Amino acid sequence: MRFVDEYRDPQIAHALAEKVGRITTKPWVLMEVCGGQTHTLMRYGIGDLLPKNVGLVHGPGCPVCVTPLELIDQAIRIAGLPNVVFTSYGDMLRVPGSHSDLFAAKAAGADVRIVYSPLDALKIAREHPERQVVFFGVGFETTAPANAMAVWHARREGLTNFSMLASHVLVPPAMRLILQSPVNRVQGFIGPGHVCTIMGTEEYRQLAEEFHVPIVVGGFEPVDLLEAISMLVAQLEEGRAEVENQYSRSVELLGNPAAMKVMRDVFEVADRKWRGIGEIPRSGLVIREEFGAHDAERVFGLGPLSVEEPRECISALVLQGLKKPIECEAFGKRCTPMTPLGAPMVSSEGACAAWHQYKRYA
Amino acid sequence: MPEVINNPAVFSCPAPIQERDRVVLGHGSGGRLSARLLRDIFLPLFSNPVLDRLEDQAVVEIGGSRLAFTTDTFVVKPLFFPGGNIGSLAVHGTVNDLAMGGATPLYLSAGFIIEEGFPLETLEQLAASMGEAAREAGVTIVTGDTKVVERGKGDGVFINTTGIGVVPPGVCLSASKARPGDLVILSGTIGDHGTAIMASREGLEFETTIVSDSAALHHLVADMLGVSYNIRCLRDPTRGGLSSTLNEIAEQSKVSIEIEEKRIPVRDEVRGACELLGLDPLYVANEGKLVAIVAPEAADDILDAMRRNARGEDAAIIGVVGADRAGMVTMRTAFGSTRIVDLLPGDQLPRIC
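Order-wise, the sequence lines are chains Y and H.
All residue numbers for the first sequence refer to numbering that gives the first Met the number 0, where the first residue is 0 and numbers rise by one.
All residue numbers for the second sequence refer to numbering that gives the first Met the number 0, where the first residue is 0 and numbers rise by one.
Derived from the structure by calculation, the hints contain no laboratory data.
Among these hints, one or two may not hold up.
With a Cα cut of at most 25 Å, we get these calculated BS3-like pairs of lysine-lysine [as the list claims (entries may be wrong)]:
#1 Lys-76/H / Lys-176/H
#2 Lys-332/Y / Lys-253/H
#3 Lys-332/Y / Lys-358/Y
#4 Lys-261/H / Lys-358/Y
#5 Lys-18/Y / Lys-51/Y
#6 Lys-358/Y / Lys-51/Y
#7 Lys-253/H / Lys-358/Y
#8 Lys-253/H / Lys-176/H
#9 Lys-323/Y / Lys-51/Y
#10 Lys-260/Y / Lys-122/Y
#11 Lys-122/Y / Lys-76/H
#12 Lys-358/Y / Lys-322/Y
In silico contact screen, one side only, chain Y against chain H (beta carbon under 7 Å); selected entries [to be verified]:
#13 Pro-9
#14 Ile-11
#15 Asp-47
#16 Ala-258
#17 Met-337
#18 Gln-356
No experiment lies behind these values; they were computed from the predicted model shown.
Ideal Cβ placement from N, Cα and C applies to all residues, glycine included.
Please construct the entire structure, taking both the sequences and the accompanying hints into account.
Pasting the structure below:
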């Protein structure tokens with residue numbers, strides 16, 4: 000398959016891994032920011048190819064994992080209201096809230112439907128003017144423009160029965176948090192390729208300079224990741240801390256200005272709570288007041304929910320790269336994909352689920 | 000800065016959903032939840048030596064003959080898809096469950112649960128497909144039933160088929176008979192049926208040329224048994240895909256199975272569709288493929304016989320049965336690394352990004 004197989008070529012991958020081995024003289028700890036990158040690393044066993052002194056830790060970049068409990072609870076409450084059609088991407092349905100999940104809400108009678116795009120939800124709203132159609136708008140900067148576009152269209156068309164429960168988070172504030180932590184171990188980042196396709200790389204240059212940390216924006220195939228790792232190690236060995244772009248077939252310096260415009264039109268930056276991590280300043284997107292008629296939090300007036308999160312899972316440590324999933328006491332025992340204690344065990348992009356699926360005997 | 004960063008002791012996590020008190024869709028996925036439904040509800044209540052073997056078909060002895068007996072219910076949506084429809088699928092599915100026991104399929108029943116308002120013309124089309132599929136497979140539909148439910152209480156039509164066949168003397172296939180050193184043969188490309196269904200499902204609407212592989216496999220099985228009885232087990236990897244089938248065999252035989260990624264045939268179109276949807280072909284359903292666990296000395300003859308049959312022309316040896324890590328299926332990736340091929344908890348969920 001063209002445009003994929005080139006990036007999964009075992010020979011190229013092994014050559015890159017050998018190059019990393021040749022240029023590495025000191026131990027380095029690298030973090031891949033995105034859940035999709037974590038999934039590829041585990042699926043292809045990339046860690047096994049690298050020299051022992053290059054350590055990979057998994058970042059916070061799985062949107063499912065960092066959606067706060069309260070919001071899942073709100074989603075379940077809204078889905079259970081009469082006359083509501085609640086639409087969502089598939090992998091949000093199994094994420095546990097404080098006591099239930101959307102699959103259980105569906106089984107109990109709520110009209111919960113999996114859609115592949117917010118525009119599908121919009122279509123349901125057009126076809127069923129008598130129903131309130133709510134879309135669960137989750138994700139990083141990658142999904143924000145399409146979600147913004149759905150809200151923008153809803154207002155333009157006067158679709159008063161469409162609203163979005165938005166839970167958007169931003170990558171750079173989370174990286175800043177990790178870098179500011181007194182226990183931070185991360186010395187270089189594989190930057191989020193799809194997020195940068197939208198946003199460009201300027202925000203990352205600021206982080207690289209401020210914290211003197213190299214960031215290589217990387218893709219999602221094994222060869223992409225190995226190339227990004229070799230670029231990062233080269234920078235670290237030479238004492239450089241620059242932003243480089245490995246994923247140039249998708250990412251441009253200035254990102255996608257049209258996508259950023261619709262995001263800015265519909266959303267504004269706000270403080271946001273991250274599941275397992277806590278509130279991070281200016282790390283989320285909320286729907287602007289002028290689009291309030293399409294903001295499910297306003298439409299359904301649920302008010303703030305606060306949930307005490309139970310203790311056993313160490314997801315915050317995992318999401319910040321301080322622990323590996325197998326270092327968790329509950330991993331594979333009390334916490335499995337069947338009975339997830341924390342969100343990283345739920346989505347296939349979650350670090351714990353990726354470990355459990357591909358490497359749990361390691 | 001959040002407190003957690005300086006004080007990891009306050010890290011916290013959501014409570015698990017340990018047990019479900021209602022059926023969720025994942026219970027029908029063929030993955031772990033389905034297995035739980037069997038283990039927790041049905042097996043303890045129905046337990047007997049035939050059922051407890053957990054084969055795709057029951058083999059019972061009546062008057063000196065060994066009969067294979069099986070039932071399957073079809074709820075596929077959409078009702079018509081490239082390469083077939085719910086009617087032809089209902090025949091192939093049950094014929095194949097009999098064939099996986101090495102049986103010659105003979106008779107089928109057909110039960111219909113029809114929703115009020117369902118077009119008679121469509122019903123006739125489906126019945127015609129069933130009739131044709133049965134004739135092609137050489138089985139006879141000898142009994143049936145129809146029920147009509149109120150509009151909104153069904154989804155167009157659901158079809159149940161039950162089948163009976165005869166198992167030749169000396170043939171004894173079981174998912175518990177795999178042993179270390181045996182080889183794993185796959186009869187052809189995986190993921191065709193599931194991706195054809197997904198691609199024609201409302202809301203996706205991408206154009207592809209992928210066609211379901213829905214087909215009866217008993218002639219292929221007969222060809223295989225024609226060259227060797229050294230076949231331990233046959234299974235058709237339907238819902239849950241190749242991974243679920245291999246996990247079931249590994250668990251029931253208390254062995255490990257290692258497969259090799261580059262030996263597993265997958266059509267380019269199917270790989271492309273799975274890339275788009277964020278799915279893994281290992282977990283996607285097939286309706287015209289089988290997995291055979293065979294003695295190593297018989298593998299070449301069986302493979303040759305399979306490749307001479309149109310239903311097995313892409314057949315390949317994809318792996319080997321091992322002794323350590325009983326119950327676990329692993330895969331050598333194209334990169335030379337090894338990863339687990341696990342059962343999914345429920346359905347594969349399309350990913351956010």
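Each hint, compared with the structure:
1. Lys-76/H / Lys-176/H: violated, 35 Å
2. Lys-332/Y / Lys-253/H: holds, 21 Å
3. Lys-332/Y / Lys-358/Y: Satisfied, since the Cα-Cα distance of roughly 14 Å is no more than 25 Å.
4. Lys-261/H / Lys-358/Y: holds, 19 Å
5. Lys-18/Y / Lys-51/Y: holds, 14 Å
6. Lys-358/Y / Lys-51/Y: holds, 17 Å
7. Lys-253/H / Lys-358/Y: holds, 20 Å
8. Lys-253/H / Lys-176/H: Holds - the C-alpha atoms of Lys-176/H and Lys-253/H are around 9 Å apart, at most 25 Å.
9. Lys-323/Y / Lys-51/Y: Holds, because 15 Å separates the two Cα atoms, which is no more than 25 Å.
10. Lys-260/Y / Lys-122/Y: Holds, at about 23 Å.
11. Lys-122/Y / Lys-76/H: holds, 20 Å
12. Lys-358/Y / Lys-322/Y: Given pair Lys-358/Y, Lys-322/Y holds - Cα atoms ~16 Å apart, limit 25 Å.
13. Pro-9: Constraint on Pro-9/Y satisfied, holds at 5 Å.
14. Ile-11: violated, 11 Å
15. Asp-47: Holds, because the Cβ-Cβ distance from Asp-47/Y to chain H comes to roughly 5 Å (cut-off 7 Å).
16. Ala-258: violated, 14 Å
17. Met-337: holds, 5 Å
18. Gln-356: Cβ of Gln-356/Y sits 5 Å from chain H, so the hint holds.
In summary, the numbered hints that this structure violates are 1, 14, 16.
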